[in-house]
Structures are given as C-alpha cells and as structure tokens.
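S.K.: Below are the chains, spelled out letter by letter.
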Amino acid sequence: DTEVTQTPKHLVMGMTNKKSLKCEQHMGHRAMYWYKQKAKKPPELMFVYSYEKLSINESVPSRFSPECPNSSLLNLHLHALQPEDSALYLCASSQLGSADTQYFGPGTRLTVL
Amino acid sequence: AQSVAQPEDQVNVAEGNPLTVKCTYSVSGNPYLFWYVQYPNRGLQFLLKYITGDNLVKGSYGFEAEFNKSQTSFHLKKPSALVSDSALYFCAVRDDAGYGGSQGNLIFGKGTKLSVKP
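Same order as they appear, the protein sequences are chains Y and H. For the first sequence, the working numbering begins at 917 and goes up steadily by one. For the second sequence, the working numbering begins at 440 and goes up steadily by one.
If you are wondering where the hints come from, they were derived from the structure by calculation, not from laboratory data. Don't be surprised by glycine CBs; every beta carbon is placed ideally from N, CA and C. It cannot be assumed that every hint is accurate.
[To be verified] Under the rule of at most 25 Å between Cα atoms (straight-line distance), these lysine-lysine pairs were calculated in the DSS-like manner:
no., chain 1, residue 1, chain 2, residue 2
1, Y, Lys954, H, Lys508
2, Y, Lys952, H, Lys488
3, Y, Lys957, H, Lys552
4, Y, Lys956, H, Lys556
5, H, Lys552, Y, Lys954
6, H, Lys508, Y, Lys956
7, H, Lys556, Y, Lys925
8, H, Lys549, Y, Lys957
9, H, Lys552, Y, Lys956
10, Y, Lys925, Y, Lys952
[Unchecked claim] Looking from chain H toward chain Y, a few residues come up when the C-beta cut is under 10 Å (computed):
no., residue
11, Val443
12, Ser467
13, Gly468
14, Tyr471
15, Lys488
16, Ile490
17, Val522
18, Phe529
19, Asp535
20, Asn544
21, Val555
22, Lys556
[As the list claims (entries may be wrong)] Some residues of chain H that are not near chain Y, with every Cβ distance over 10 Å (derived):
no., residue
23, Pro446
24, Gln484
25, Gln510
The following block holds chain H by itself, in its conformation from the complex (with noise of 0.2 Å):
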C-alpha cells in the first residue's frame, strides 16, 4: 500500500537559516513525489514535484527537494528561510499504477508546521 510519512509535526528555525522538512515514502511502482504549502485558512498551493530525471528539484518561492530513491525520501529544503514561509507544509505520492482507483489517488503525509522565528 501507497504511503507518506512526515517524521515531524513541527520544524522550528531561525530567520536565514536553512530549512529542512523531511518526507519519506512507500509505493509499489514508481513514485511521483509533490510539496504543497498551506497558509492558514487557505487552499493548497504547489510547490514542487518530481517525476523522473534529476534528482535535486526546484519549485516556487525558493524551495528545492532531493529525490532519494535508496532511502525513499524527498526532503524539501530552503537555503535561508523567511518568516513569510511560516506555514503548514504537506509531502505527497502517486505512483504509475495508473489513474483511477485507489491506486491512482494522491496520498498525503499528516504535514509538518513550519515556524521560522525572526
């Protein structure tokens, strides 16, 4: 069975410090990985994702991830963090199965909150 794990219900770092939310994973075929952020009282925005090819992925607002298939992780990262990225952060998986069932459904962590203190 697909699933994602967040080891952390909370990150706290210092403004301009680097941030690390860690994401680990479980599929049966090949997965394609994805990072949303959640503001309070809003929707999901996307971020990043990785399908194939390069392992180290950028996205939106500063953010990359690196694709660990060894270790079945994708840890999304910030090379200095604002206060502004203060938020709740959520890893995803589909894997290849295909579309349609639960197979092909998108399967979320539990999200890490992200506190970055000035």
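With the rest of the complex left out, here is chain Y (with noise of 0.2 Å):
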C-alpha cells in the first residue's frame, strides 16, 4: 500500500480564517514533507519533518504552521493567508534514504479569498 491521504480536498478560506489541512501515511515513513505547487509548475518543497522533528524549513512565512503529533500524521496550520497562496498542497512521505521513493497524496486545492 502507497496511498497518503489528504483531508480536504478544496478549501476556501477568507485572510482572516485559520484553517488546517491534515494529511495521513501508513506505511511506516518516517519522512513526511509539504509541498506547495501552482498551475502548471513543479512542487516546491515547503517543509520536511524527519522521525516527527521538523527539519527543513524552506523560508516559509510565519502564517504556514506545519506540525507533526505522530509518525503518522502531518498538520499544516493556516492563517492570514494571502489570495497568492492559492496553490495544491501536496503532502509526501517516504523513509529517510536518499535512494527512497516520496510518496504523494492527491494534495488540497486551497483558494484565498
């Protein structure tokens, strides 16, 4: 089984809403990462979280606040968001080789109002 899964699907949030995306594995990776991708471009990568710690953090803005409560599952935090954050998030897993394959969910689809 391969399948990461993310909840929900769309969102549409206003700049003052706080909204969470959550985004789940059950293959035992203990890599998790988002990513944001807008139309027609690749994924950039966003953060990284490692045996639940985060590290990576790709100069994110405050207002993106990911989390991680088990190896499982991973969280990321929205607030004041912007209309250019209108993106996919994608959600990815994997283990911790550099040979290891990532993983992807079928993303949300976010829209900033």
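Can you join these two chains into the complex? Each is in its own frame, and there are hints to help.
M.R.: Rendered as structure tokens:
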C-alpha cells in the first residue's frame, strides 16, 4: 500500500480565517513533507519532518505552521493567508534514504479570497 | 548545485506511436533519478526510478527510462502511447550526499506536458 491521504480535497478561506490541512500515511515512513504547487509548475518544498521533528523549513512565511503529532500524521495550520497563497498543497512521505521514493497524496486545492 | 532540465514544455504524439520525454540532470554526487506523472487536479504519481545497476529501468503502465551517465540524461520512453497517457510529467533528482538540508532534497524539473492524440 503506497497511499497518502489528504483532507480536505478543496478549501476556500478568507484572509482572516484559520484552517488546517491534514495528511496521513500508514506505510511506516519516517519522513513527511509539505509542498506547494502552482498551476503547471513543479512542486516547491515547504517543510520536511524526519522522526516527527522539523528538519527543513524552506523560508516559509509564519502564516504557515506545520505540525507532526505522530509518525503517521502531518498537519499544516493556516492563518492570515494572502490570495497569492492559493495553490495545490501536496503532502508526501518516504523512508529516510536519499534513494527512497517519495509518495504523494492527492493534494488540497486551496483558494484564498 | 543540483539541477534538472526538461527542455520541452510540451510533447505531442499520435496514439500508438513511441514517445520520449527528455530529462537531463546535474548533481555533485551519484544521482538518484525519478519520474512522476500528474493528472489534472491530482497529486504526483510515482512511475519509476534509477538508483544503480541496469541503465534501462522499467516502471508502471509500460513506461521505461534509460540512464545515460555520459550524457547526464534520464529520458522517459514508452513504445506505444495511449490517449490516457496525456498528463504532466516531472523528472526529479537527488544525489547521494545524504539526507537532510538542501543537498538531500528532491529537485524537480519544470515539467513536460504530454499530449497524445487519437
């Protein structure tokens, strides 16, 4: 089973709202990732968690706040977003080796009004 | 610095014909190379990867890719294209410098849109 699940599939929020994106995997992977993808562009790495600890933050604005409650779950908390933050947010997971495959979830389509 | 180049924004192929989607890379260490496919409004789906060994890698849905070290290329191929293969294809690379930090991240090409016409 190589499934990564993400909820919700679609999210529309105002600039003053607080919302959260959720990601789950049951493959025993110890690395989890958040990516942001604009239309017809490659994914851009935002955060990496390894062993449930934040290991990489790619200079993401503080209005995005990641959380890894346990080895299977990854959240992305959103607050005071801007319209330019509208994008497809992808979660991925993998084992920790450089050769290990990252498996992606279906994404959450976020629209900020 | 690591980089991946997909020189074609779009590839057009007739159904039943062979297809090639090109990818070249630059890394400081040994490369680990990946191909992903993305259908509209979906996540990235893993197709195949090269780690070491045989230069011809076979993957899902009849796709294969050939690793060429001297040309630093990893082109994706399929002998007979299907209309359902129409999608956005991403090549990605990591090197063996180790996990963590920007050296260990997956670097994506800009993507190539494949259009297969009946």
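S.K.: Work down the list of hints and note, for each, if the structure agrees.
M.R.: Evaluation of the provided hints:
1. For the given pair, lysine 954(Y) sits about 32 Å from lysine 508(H) by alpha-carbon distance, which is inconsistent with the 25 Å threshold.
2. For a cut-off of 25 Å, the pair hint linking lysine 952(Y) to lysine 488(H) stands: about 23 Å separates their Cα positions.
3. Restraint check for lysine 957(Y) and lysine 552(H): the C-alpha separation of about 11 Å stays at or below 25 Å, so the hint holds.
4. A threshold of 25 Å between alpha carbons decides the hint, and for lysine 956(Y) with lysine 556(H) the separation of about 20 Å falls inside it, so the pair holds.
5. Annotation: proposed proximity of lysine 552(H) to lysine 954(Y) holds, straight-line Cα distance about 15 Å (limit 25 Å).
6. With a C-alpha separation of about 29 Å, the suggested pairing of lysine 508(H) with lysine 956(Y) is violated against the 25 Å cut-off.
7. Only pairs whose Cα atoms come within 25 Å are accepted, and lysine 556(H) paired with lysine 925(Y) is rejected, the gap being roughly 30 Å.
8. For the hint linking lysine 549(H) to lysine 957(Y), the alpha-carbon distance of about 6 Å falls within 25 Å, and the restraint holds.
9. Of the supplied pair hints, the one linking lysine 552(H) and lysine 956(Y) holds, its CA atoms being roughly 9 Å apart against a limit of 25 Å.
10. Only pairs whose Cα atoms come within 25 Å are accepted, and lysine 925(Y) paired with lysine 952(Y) is accepted, the gap being roughly 14 Å.
11. A least Cβ separation of about 9 Å between valine 443(H) and chain Y falls short of the 10 Å threshold, and the interface hint therefore holds.
12. At about 12 Å, the closest approach between the beta carbon of serine 467(H) and any beta carbon in chain Y exceeds 10 Å, and the interface hint on this residue is violated.
13. At about 9 Å, the closest approach between the beta carbon of glycine 468(H) and any beta carbon in chain Y falls short of 10 Å, and the interface hint on this residue holds.
14. Because the closest C-beta pair between tyrosine 471(H) and chain Y is about 5 Å apart, less than 10 Å, the hint holds.
15. Interface hint at lysine 488(H): satisfied, since its Cβ lies 6 Å from the closest Cβ of chain Y, which is below the 10 Å cut-off.
16. Hint on isoleucine 490(H) holds. Least Cβ distance to chain Y is approximately 5 Å, under the 10 Å limit.
17. The criterion of a C-beta within 10 Å of any C-beta in chain Y is not met by valine 522(H), whose closest approach is roughly 20 Å, and the hint is violated.
18. Interface hint at phenylalanine 529(H): satisfied, since its Cβ lies 6 Å from the closest Cβ of chain Y, which is below the 10 Å cut-off.
19. The criterion of a C-beta within 10 Å of any C-beta in chain Y is met by aspartate 535(H), whose closest approach is roughly 5 Å, and the hint holds.
20. Restraint check, asparagine 544(H) versus chain Y: the minimum CB separation of about 6 Å is within 10 Å; hint holds.
21. The restraint placing valine 555(H) at the interface with chain Y is violated, with a minimum CB-CB distance near 18 Å, outside the 10 Å limit.
22. Restraint check, lysine 556(H) versus chain Y: the minimum CB separation of about 20 Å is more than 10 Å; hint violated.
23. No beta-carbon of chain Y is positioned within 10 Å of the beta-carbon of proline 446(H); the least distance is around 15 Å.
24. The beta carbon of glutamine 484(H) is not kept farther than 10 Å from every beta carbon of chain Y, the shortest such distance being approximately 7 Å.
25. Annotated as non-interface, glutamine 510(H) keeps its C-beta farther than 10 Å from every C-beta of chain Y; the closest such distance is 21 Å.
When each numbered hint is compared with the structure, violations occur for hints 1, 6, 7, 12, 17, 21, 22, 24.
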